[in-house]
Amino acid sequence: MPQNLFNKVWKLHTVRELPTGQTQLFIGLHLIHEVTSPQAFQMLREMGLKVLYPKRTFATVDHIVPTDSQSRPFSDEMAEKMMQELEKNAKEFGISLFDVRDARQGIVHVIGPELGLTQPGMTIACGDSHTSTHGAFGSIAFGIGTSQVRDILATQCLALSKPKVRKLAINGVLGKGVYAKDVILTIIRKLGVNGGIGFAYEYAGTAMEAMSMEERMTVCNMSIEGGATCGYVNPDEKTFAYIKGREFAPKPEDGSFEKALQYWTSIASDRDALYDDIVELDASKIEPTVTWGINPGQAIGISERIPAISSFSKDEQMTAQRALEHMGFKEGELIEGKKIDVAFLGSCTNSRISDLREAAKIVNGKKVAAHVKAIVVPGSQQVKKAAEKEGLDKIFISAGFEWRGAGCSMCLGMNTDRLKGGQLCASSSNRNFIGRQGSPKGRTLLMSPAMVAAAAINGKVVDVRNIL
Amino acid sequence: MPKITIIKGTGIVIRGNDIDTDRIIPARYMKEVTFAGMGKYPFFDERFDENGNRKAHPFNDERFQGASILVVNKNFGCGSSREHAPQALMRWGIKTIVGESFAEIFAGNCTMMGVPTITLPKEEIDELMDFIEENPNHEIVVDLTNNEISYAEDKATFSMKGSSRKALMEGTWDSTRLLLEAREEIESVAGKLPYLTF
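Protein chains in written order, with my numbering: chain A, 1 to 468; chain B, 1001 to 1198.
No wet-lab data here; the hints were simulated from the structure.
Treat the numbers as computed from the prediction; the structure is a model and nothing was measured.
It cannot be assumed that every hint is accurate.
[Stated by the list, open to error] Quick list of in silico lysine-lysine cross-link-like pairs, BS3-like style, CA-CA up to 30 Å:
no.: 1; chain 1: B; residue 1: Lys1055; chain 2: A; residue 2: Lys8
no.: 2; chain 1: A; residue 1: Lys88; chain 2: B; residue 2: Lys1055
no.: 3; chain 1: B; residue 1: Lys1040; chain 2: A; residue 2: Lys314
no.: 4; chain 1: A; residue 1: Lys8; chain 2: A; residue 2: Lys81
no.: 5; chain 1: A; residue 1: Lys164; chain 2: A; residue 2: Lys238
no.: 6; chain 1: A; residue 1: Lys162; chain 2: A; residue 2: Lys55
[Claimed, not checked] Chain B side only, calculated, beta carbon under 10 Å to chain A, not exhaustive:
no.: 7; residue: Lys1008
no.: 8; residue: Asp1045
no.: 9; residue: Gly1079
no.: 10; residue: Asn1137
no.: 11; residue: Val1141
no.: 12; residue: Glu1153
no.: 13; residue: Asp1154
C-beta: ideal position from N, C-alpha, C; glycine also.
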């Protein structure tokens, strides 16, 4: 019977059915970082357990690392303590760690693919909800909690309930100035922030096929914002070409790449595979999209107006009302023209080299508006290096952007990169939740990197299509 | 692991859909290497202003101190996978959460900590919320054996994810030992995975 990728991978990794009715699933690749792992290692110690497959776990630091100066010890004592804790745990349990002194360090969902760790047909997990990013390679990637991090360390397995599979067929050609970010914001807007609960998302269709690997990562990254368990794209020639030659990828020299190709090809969804649900989307109708509220589903096309409260179901009106109060916006207003205070280019959603290139095209030769604080935080040290090699850093710096080190930074405000007071931030990140960017009154507008760059230059939200 | 079959206590209400984990615990309070101190932080930014002054909030309200049954609306706990969020609620004193629906990772984290997440239809959630706000000292009983929540004269039958209910009632909610039982099968699956042998 024809199968979809999700069901094939799930079956291959099934260890057994548990008495609770859940599946014990083997996890092929486990990624950890400094915030959600220390408690898990402590639990292991208390239980007297070792890490079962230390070679299948890789650690890096991203959430708390400062992006201005990365010299040790960090000026933030707690951040330094968390660093030391991860170093101690990695050493004690025999786990590879890419720390700030390592050229391979970066946001966990940027470096996994970059190092060739992320491969098709794998099960992947990380104590971070944006783990779905890795699904861009045709892997099944779960964001998990700390007790589950402990489970994987101790057993290389998770106890999971099998989700249903929904295919999102996104066909058509994206217009000029419309990016992967606009596609995923539109999906979340249409299906709702809880529309994906109980589902794995397969992103398919000609628009997905046309996307680069980095664009696919952006789409998969925000699966969780739509409530989905995970999201993936079937692997193809682009996937294989991206992986080839990377540090942890199978090598052509010893024949392992050829073997891998056989597996990777076999794991893709069969042509007539069945799905529990199919949703179709016309890519050509998508506009540059911006959020106006306090969750990623509260988004509109740049030409649209902020919706009226009465346009929502009664059940959703309270959240919409709360959103308008927090944002200081009124129903019926345009989002275009809103004056911004901060522009943030970064995060696991949009901090890769292609994101920086798109933004740099818009910034080139121009100046950031005088009242705007603008920062670029590359997703990894490798991205930073590649950007500097192309001279992108000079474009950003001469325009008035700050050029930072790699980390999560102002996406979630765990380091010193935070909004102040009620600042309004044009952000290429993934969450516009209240307080997300480090200030309880701070306000976030999610948009594509090109739109962030255009907002930084103009000092307000503009339609990037008029600039390109 | 203890078996969890019945939970009794007073209630506390947080109204609103899509309450995300950044609101339950803002990321900047997660800069600790243990969960021990997390009980200070639930809804921190909504409970205190920038100068640390207390604001009006159910978790600050004297009437709800000591409550152990949290009642919420739809898609509670959406967003980040941070276990810090349910840990903060549990360490504040919450033993079970009753809602219209929950975000998946959040609900999974709760189960693994021994905190049942149970669901009721909206009308019954509304009734329960009103009851708690009017009767903050009244005991509520959540009975997993019979899928029943009772308060005063009212009784409601709740839904719950079958696997979570079973794990909690049988005391296997802390899954590490359970998973480790299958050591041989784990090795056998690992041995057959193509990418572990490339």
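Taking the hints in turn, this is what the structure says about them:
1. With a CA separation close to 52 Å, the supplied pair B/Lys1055 and A/Lys8 exceeds the 30 Å bound.
2. For the given pair, A/Lys88 sits about 40 Å from B/Lys1055 by alpha-carbon distance, which is inconsistent with the 30 Å threshold.
3. Distance restraint check for B/Lys1040 and A/Lys314: the Cα-Cα separation of roughly 34 Å exceeds the 30 Å cut-off, and the hinted pair is therefore not satisfied.
4. Pair hint A/Lys8 plus A/Lys81 does not hold up; C-alpha atoms about 42 Å apart against a cutoff of 30 Å.
5. Using a Cα cut-off of 30 Å, the hinted pair A/Lys164 and A/Lys238 holds, with the two alpha carbons roughly 27 Å apart.
6. Restraint check for A/Lys162 and A/Lys55: satisfied, since their Cα atoms lie roughly 26 Å apart, inside the 30 Å limit.
7. For B/Lys1008, the shortest C-beta to C-beta distance to chain A is roughly 25 Å, which exceeds 10 Å, and the interface hint is violated.
8. Interface hint status for B/Asp1045: upheld, as the beta-carbon distance to the closest one in chain A is roughly 4 Å, under 10 Å.
9. For B/Gly1079, the shortest C-beta to C-beta distance to chain A is roughly 6 Å, which falls under 10 Å, so the interface hint holds.
10. Taking 10 Å as the C-beta contact cut-off toward chain A, the hint placing B/Asn1137 at the interface is violated, the least distance being around 27 Å.
11. Look at B/Val1141: its Cβ only gets to about 24 Å from chain A, farther than 10 Å, so that hint breaks.
12. Violation of the interface hint for B/Glu1153 is found here, the shortest Cβ-Cβ separation to chain A being roughly 28 Å, above the 10 Å cut-off.
13. Interface restraint check: B/Asp1154 against chain A, minimum CB-CB distance 23 Å, threshold 10 Å, status violated.
In summary, the numbered hints that this structure violates are 1, 2, 3, 4, 7, 10, 11, 12 and 13.
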